[in-house]
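S.K.: Residues per chain, in single letters:
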Amino acid sequence: MNATRTLAVTRASLRMFVRDRAALFFTFAFPIMFMLIFGSLFGDSSSRPSLDVVGHGPLVTALEQSGAVKLKRQPSAAEALHRVTNGDVAAALIVSGNTVKLRYSASATTESPVIRSIVSGVADELNLRAAGATRTVRVEATQVEADSLRYVDLLTPGLLAMAIAQSATFGVAFSLVAWRQKGMLRRLRLTPLPLAEFAAGRVLFHLGIALVQAIFLLGVGMLVYGVTIVGSVFALVPIVLLGVTPFIALGVAIGGRANSEDATAAISNMIVLPMTFLGGVFFPVDQMPALLRSVAAFLPLTYLARSLQDVAVRGHSFTSTLPNLGVLALAAAALTVASLKLFRWQTAS
Amino acid sequence: MSGAPALVAEHLEKRFGDVHAVRDVSFSVAAGETFGILGPNGAGKTTTLEMIEGLTVPDSGTATILGQPVWPHPTRIQSRIGVQLQTTALFENLTASELLDLFATFYRVPTAGRAERLLELVGLSEKGKAPARQLSGGQQQRLAIALALVHDPEVVFLDEPTTGLDPQARRNLWDVISGIAAAGRTVILTTHYLDEAESLCDRVAIMDGGTIIALDSPQGLISTLADRARVLFDGHGLDEDALSSLAGVSHVAQSDGHVELTSATPQQTLVELIALAEARGASLGALAVRQPTLEDVFLEATGREFRS
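Which chain is which? The protein sequence lines are A and B, in order.
To convert, note that position 239 of the first sequence is 239 in my numbering; the numbers rise steadily by one, no gaps.
To convert, note that position 245 of the second sequence is 245 in my numbering; the numbers rise steadily by one, no gaps.
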């Protein structure tokens, strides 16, 4: 292994990359577009549901103190009901004296049941206190995530996982197929540059790009959406670096065999797109149907997205994410073996 | 120059499925020689070259470069040979200088001043900072040749270096190739241009159907057809009997007033032809004498017209 030659390959790769506008777009601008679109669609939805309130009373005060729901005052019961019917809010609480009416929309499938149980829980508590009863059971519920995780907090590290996976897979696959078609691989074979040094130089390049993506995407998430990185920033480095490797190998497997750029695009999209939607980037994996969950369990992106989300925003320790990293390493090893079997120096004629 | 040949190919054979691409090809190239492999498309030129360069494993036969067998370890000879492939392969987003520096690093030779020197050699001094994708076809070919020379190889392989270029670019490239040969390197080139082989090569192997059908210096090949000079003119009023009785004429062909005489002694034929025309009051338009060319050698050897 000659370090000068390996680094020369990395440096040349970087030069080619910064002069390739399409590659720059897909590496940086494309994930940012997703962040802005999904961030503005769902960005504000925190885990606290909203509830319209009309009137005053001890129940309203207790709900306010609980902090479990976001209360929004409405001038009249008619106005509040109108908003529920319209779907502007999931439920409305109408208080007149000791009678409390909770009107909710069945179409708000996640929020309505949550609001119902919060309201009845707080009401039960008040009733028990009024009756002077002592509690037999006391439930203390605290969410395991860092305080008030919003959609965009999970979206940002998820999109980083997507961006890393996409640029490595597409970048490796497309450059391989283009170089093979143009005879560049054969040309390189005629030089004394060993394949291992060429591969090492290219891997270094993709690792570097992934780190820049991490700084860039997390930075934009922090600046635009106030995403807080609660975990150690340094713990993210090995996750990002290990996280690229299965996708580099996947790119070699696709580009090492596909005979045209069209075929490469088709195969890459067929693998990467479903992975993006099932891997927990846009929707949490544990809210998916069982069948899709078991598909997600086989996708390396699932583990990269989870690991980045856990350590970056959920505040999990690096050691607790080691099982995820183990799966990524295993996937990288398996895909490397597959890619070496599939690799062709020249287009089969 | 030592007497040891720079390259020896012996009984090279290659099949691709049902296609017998190269059949029992043998030749040797002296150090410092410019050797051409001439033939139409599909003749087996590129396959022959690639078996010698170490890109394609021969089914049988041996290739030896500078005393070292190429197979089974083709990488051992790589630092002593330079190759320009038929399809120009470049990293298109790198500049000419960056590509030359990168390749120099691959061969672990010093980069300082090397790119400038090579660019000047191939006439691209002005293009050092231009990305490869912005170079014309001829400029890319010249850059590919510069890349083949980056480590000062003793033996240089050029596979159809001028294919697809306009006549001016071809002439420019011929000067580059002559320069490489003049620097004492051994050059092996393939071409399907007869004039290219004739003007660049010390010796030429003509290939067709996977075999070498003739091998000699261009003049040597043509001299076998010394009695096949042609006298050409446009004119009417000269009958075939009179023409075929002119001195040296062995064959007369006429069509639409265009006449072609095949002659072993064109000078005497010409003298008698002019006298005959004067006597008959006929005019000789576009009168020309054509010496045999490699095209005639190909036609003679294969019975077919040479089609590039």
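Incorrect hints may have been included.
If you want the footprint, here are the derived chain A segments under chain B, 3+ residues with CB under 8 Å [claimed, not checked]:
hint, stretch
1, 13 to 23
2, 189 to 195
Far from chain B by the CB rule (all over 12 Å, computed), these chain A residues [stated by the list, open to error]:
hint, residue
3, Asn2
4, Ser96
5, Ala178
6, Ser317
In silico lysine-lysine, DSS-like type, Cα no more than 25 Å apart, as pairs [what the hints assert, rightly or not]:
hint, chain 1, residue 1, chain 2, residue 2
7, A, Lys101, B, Lys129
8, A, Lys101, A, Lys70
9, A, Lys72, A, Lys101
10, A, Lys341, B, Lys127
11, A, Lys182, A, Lys341
Please keep in mind that the hints were generated in silico from the structure rather than gathered at the bench.
The model shown is predicted, which means the values in this text are computed figures rather than measured ones.
Where a beta carbon is used, it is the ideal one built from N, C-alpha and C, also for glycine.
S.K.: Could you run down the list of hints and mark each one as holding or not?
M.R.: Cross-check of the supplied hints:
1. 13 to 23: holds (count 4)
2. 189 to 195: This one holds; 5 residues, not fewer than the three required, reach chain B with a Cβ under 8 Å.
3. Asn2: 7 Å, violated
4. Ser96: Given that every Cβ of chain B is farther than 12 Å from that of Ser96/A, nearest at about 73 Å, it holds.
5. Ala178: 9 Å, violated
6. Ser317: 42 Å, holds
7. Lys101/A to Lys129/B: 77 Å, violated
8. Lys101/A to Lys70/A: Holds: Lys101/A and Lys70/A sit about 17 Å apart, inside 25 Å.
9. Lys72/A to Lys101/A: 16 Å, holds
10. Lys341/A to Lys127/B: 41 Å, violated
11. Lys182/A to Lys341/A: Roughly 22 Å separates the two Cα atoms, so the pair holds.
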